[in-house]
Amino acid sequence: MRSRSLLFFILVLTSVIALPQTRLDSLKSLLENAVGNDRNQLLIQVAKEYSESSPDSAVLFANQALEHSISTDNELVQARVYVVLSSTYSNKGDYDQSVDLALRALKLAEVVKDTISIIDACNNLGIDFMFTADYLTSYQYFNRVRDLSELSRDSVRLGHAYNNLGMAEYYLENSEEELRNYQRARDIFQQISDDDGLGNALLNIGTVHTDNDRYQTAHGFYIKALQIFKELKYASAQGSVLQSISENYMKAGNLDKALEAAMNSLELLEKEAFKYDITFSYELIQDIYIRQGDYMKAHEYLKKYHELMDVIFDEEKSKQINQLHIEYETEKKQQEIALLTARDEITQLELAEERRNIVLLTITFLLTVALGTFIYFSNRKRQLLKNRLLSSEINELRAQIKGVIENTSSNFQVNREKLDDLGITPLSDREIEILNFAMSDLTNSQIAEKAFVSVNTVKFHLKNIYGKLGVGNTREALQNALQFPGS
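Using the numbering used here, you'd call the opening residue of the sequence shown number 1 and step up by one each time.
These aren't lab readings, by the way, just hints derived from the structure by calculation. Predicted model only: the values in this text are computed from it and were never measured. For every residue, glycine included, the Cβ atom is placed at its ideal position computed from N, Cα and C. Heads up, some of the hints might be wrong.
Calculated pairs, DSS-like style, for lysine-lysine (alpha carbon to alpha carbon, straight line, at most 25 Å) [claimed, not checked]:
1) K224 / K257
2) K233 / K251
3) K275 / K297
4) K463 / K450
5) K297 / K251
Derived DEER-like restraints, expressed as beta-carbon distance ranges [said to hold, decoys possible]:
6) S54 / R214: 36 to 42 Å
7) E300 / G220: 29 to 35 Å
8) R153 / E300: 40 to 46 Å
9) V471 / Y376: 30 to 36 Å
10) T443 / L384: 27 to 33 Å
11) S53 / M309: 20 to 26 Å
12) E336 / N63: 51 to 57 Å
13) E300 / L339: 56 to 62 Å
14) K386 / T457: 38 to 44 Å
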């Protein structure tokens with residue numbers, strides 16, 4: 001039964017004294033207008049207050065602070081949020097998750113050298129390892145909490161460190177050192193007027209005296225602790241102290257007083273609906289009735305115990321089912337989001353590919369047009385140049401022939417002997433006349449008018465002339481004419 005008293009006070013140490021509801025409402029009101037680091041600090045404070053009484057709400061507030069601290073890469077705030085989340089999951093009984101979060105907090109806190117977060121993370125680890133029965137590891141973390149608290153002169157955390165070290169010594173079966181640690185915690189809490197911590201230390205001192213059969217001494221410490229918790233209006237704490245008083249009376253053999261204290265505890269706890277605390281009272285009352293020999297009453301409270309445990313089990317099972325459902329829905333949504341994200345990425349890739357193809361086609365088209373335009377204008381320029389050169393050459397030939405003609409007779413007589421020597425069929429007078437006209441830059445119509453013949457006749461004579469001279473056009477005829485005019 002000793003472990004129940006320790007269990008309560010280990011949990012108490014994971015959070016600050018609960019704020020009055022009005023103060024908590026005020027903090028939540030401040031959140032509406034707070035931004036940045038101020039909002040984060042308020043979120044962390046509210047999460048602390050909900051850590052034990054409403055873990056799900058605590059997680060909600062803490063995760064908001066965590067999301068902002070991660071987005072701003074604020075490792076100091078991240079460490080403090082992880083500490084709160086660790087305490088919250090410890091209160092929920094998820095010690096693996098709590099340890100993981102505390103280790104994250106410790107790692108970040110050591111990087112940013114945040115002593116407070118290092119102490120609180122180690123304290124959470126000590127508590128979680130104690131709950132999982134790894135008492136030596138628990139003791140080592142509590143020792144570190146004590147050393148760091150002494151160095152930083154943090155009296156509150158130092159007092160709780162000694163209190164927790166005392167509990168670790170209990171499980172390591174070192175009663176004398178356990179008592180000394182509780183006494184050190186008591187002295188510190190008295191010095192700093194920390195009534196909550198003082199009540200914890202006094203109760204734990206009483207349990208050591210009960211274990212060592214010093215019942216009267218133990219009773220005195222219990223009464224002092226009870227008075228403190230009454231003034232603080234901690235119903236659950238008062239119920240636990242009354243349970244310890246009942247157990248102390250029972251071990252001392254005073255069963256009537258033990259039953260009275262147990263019934264007072266039960267009445268208080270039922271009024272506040274602390275189910276887990278009530279089950280312990282049922283066990284305690286059952287044990288007292290068995291010692292008194294009243295087995296009917298013992299059976300009655302045993303039945304109540306099992307009925308309440310069934311209710312608690314159903315509630316826990318329902319919570320677990322709801323949690324699994326939430327996790328399933330969350331995972332399902334995450335998968336849907338991942339699928340949509342993947343589809344969006346594929347669509348974006350396809351659009352990017354289409355854009356690339358369009359750009360490539362556009363570039364190819366523009367290059368083709370540019371190349372075609374270049375080739376067209378190059379060919380056109382080359383053809384124009386060729387035509388200019390041809391026209392220039394013809395004009396030059398005509399000028400030469402004109403000069404020859406002007407230096408000879410007006411009829412441009414061809415030396416027929418020379419034509420025979422060149423192997424050229426002699427031209428008729430009419431053909432020479434037509435050739436002279438053609439070489440003088442006249443059109444076929446103008447030649448026909450001067451020669452008093454039709455255009456077709458001019459074309460006929462030119463064809464015969466070109467055939468006899470072995471040329472294909474006027475330019476070639478001009479070139480050949482320079483070879484045979486004159487006598």
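Starting from the hint list further up, note which numbers the structure goes against and sort them upward.
2, 8, 10, 12 and 14
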